[in-house]
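Participant: Listed below are the residues making up each chain.
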Amino acid sequence: MTETIQSQALRTPYRQADTQLRRNWAKLRRNKAAVFGGILILIYLVTALLAPVIFPRSPSAPNLMRSLERPSIEHPLGTDELGRSILGRIIYGSRVSLLIAIGVVSVGLLVGLPLGLISGYYGGKVDFGIQRVTDTMLAFPGFLLALALVAVLGVGLKNTIISVGISMVPIYIRLVRGCTLSIREQTYVEAARAVGTRDMTILLRHILPNVMTPITIQTSLGMGTAILFAAGLGFLGIGVQPPTPEWGAMLGSGRAYLFHAPHVATFPGIAIFLAVLGFNLSGDGLRDVLDPRFRI
Amino acid sequence: MSQDLLLSIRHLRTRFRIYEGLVTAVDGVSLDMYRGETLGIVGESGCGKSVTALSILRLLASPPAEIQGTILFEGVNLLDLNLDEIRKIRGNAISMIFQEPMTSLNPVLTIGEQISEAIRLHQGVTRQEAWSKAVEMLRIVQIPSPDIRSHEYPHQLSGGMRQRAMIAMALSCHPRLLLADEPTTALDVTIQAQIVDLMERLKEEFDTSIVLITHNLGLIAEMAKRVLVMYMGKVVEEAPVGDLFQEPLHPYTQGLLESIPWIGKKLKTGRRQLQEIPGIVPSLLELPEGCRFHPRCSHVMDICRKEEPPLVQKDGRRVLCWLWA
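So the protein sequences, as listed, match chains A and B.
Read in order, the letters of the first sequence are residues 1 to 296 in this note's numbering.
Read in order, the letters of the second sequence are residues 1 to 325 in this note's numbering.
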């Protein structure tokens, strides 16, 4: 008898953690917009990962004989000015934009997270210094900042990631600092200090896990913004350079044929739209489930 | 006798620099504490009880506090130690339990993780050893099925159990001194009694001295041997617990004792109402001249308004009042 009670109780913690996860999952599934966003992201990920399987030909080999063709069975979304399949370029472009999205968010997190933690936890002069730099960066619209950084660093995939990434750093700093400030004052942080825990351990073990929820939400939303910014730079011709298939650049070069071959610009535009929509919808959905306080 | 002296505080003054000026939260507190003793500190909210305790462990990082005076713990002045040295004392020789068991445990870590973290910090044992010691501590504080409970998160425990877990964490390194800051305030009465019993028992078992900070005079009567009464950052009276309850010297202490409802107590005034101390605690930014208590004192004299009262020694008691000068 005692044994059954014991073994039942032994399973409780796991079961409770499990139900919490399941409850969140159920809430997320009830949110139609989030589900739609999630499906978009799923399609996007599958496309990016399986690009060579879905489209076995080269997306960059020109075929000038067949330039600016309208959608057909052979080229479902038509061809561009160099006769390359737009479908193929969109499929391969998803890899580039996924790389950019992950890269940008990583740069933002890698720089913004530690600075935000330090700024919020230590306060004082360190905080003042970091926050004034953040203020200065936030004074520029994000895209303008990325643009200025590209002007300094130069064009290309790597520099696009760095520039857009840095333009997102202040957002992460602010977010993490704000959360750290409120968690720092919690009694459990004081209690940890009272047993002699080092600052570094307090930051990593006691504060960081409590900051993860807003970071998760911001990361999902940030990926959408990153794709949009990178596409913007590509559109202006200062992002990822041809012949790499990049949605923004495709949109930019298709602009010249908008009147007699509108599909050249339209389809990459739709691709950008759907990818960004996917990240934004799922980001909002995550926020609603994980952090109901933020709901407006 | 002197080797029994565990903690000796002299002229402790803790000040906070805030926007409106300099606030002196603790003003010239001196106290001696002997090994194995339970010392009670009572007073209203904001009188400096907690700040005194936090000053001992130098836990006042924000807003930045200025701590002056000397805090001799086993002959070492804690205020002279560098950060690494004080960290070795925290949780090891001196530890602390807090008022709110709801918020003093981290919601994202299991109970076992939090207790074993404290153990690993000071005892240099492996993860497994620390874990089994943590489970052992949970058993000592009488948490049922500690093996299972150690894997649970704070929200899965009741308030009383969380406070037990806090006590387990605080005592896990067998500290010589335990600072208990309102340990029972957030708990209901039956649980309070259990926690008091537990603390009494563990005090004997681990040979720990306790500084008991509270505004609950009943708890003081139950646990403490000597009592300090604080008002606006100063110790206004110090006495053995029996003397304090029988014959309080300071008008503030008298007021405090009269404001407790006792079952079967006859109200002197014949009113069906509880006696209270008139007025409110003044702001620490606008200290009254002379004695800090004079605006609320029922025995106020002219000199109280002009000059600070002297510390009067009387039959092994101390009182900060002109009445006894």
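Just to be clear, a hint being listed does not mean it is correct.
To be verified - Calculated from the model, a selection of chain B residues having no Cβ within reach of chain A, i.e. all distances over 12 Å:
| no. | residue |
| --- | --- |
| 1 | Leu54 |
| 2 | Glu100 |
| 3 | Thr103 |
| 4 | His122 |
| 5 | Asp181 |
| 6 | Gln194 |
| 7 | Ala221 |
| 8 | Arg296 |
Stated by the list, open to error - Pulled a few chain A residues facing chain B out of the computed Cβ check, cut under 8 Å:
| no. | residue |
| --- | --- |
| 9 | Gln186 |
| 10 | Thr187 |
| 11 | Val195 |
| 12 | Gly196 |
| 13 | His206 |
| 14 | Asn210 |
| 15 | Tyr257 |
| 16 | Ala261 |
Hints are computed from structural coordinates only; laboratory data are not their basis.
Because the structure is a prediction, the values reported are computed rather than measured.
The beta carbon of each residue, even a glycine, is placed where N, CA and C say it ideally should be.
Participant: If any of the earlier hints don't hold here, list their numbers in rising order.
Facilitator: 1, 2, 3, 4, 5, 15, 16
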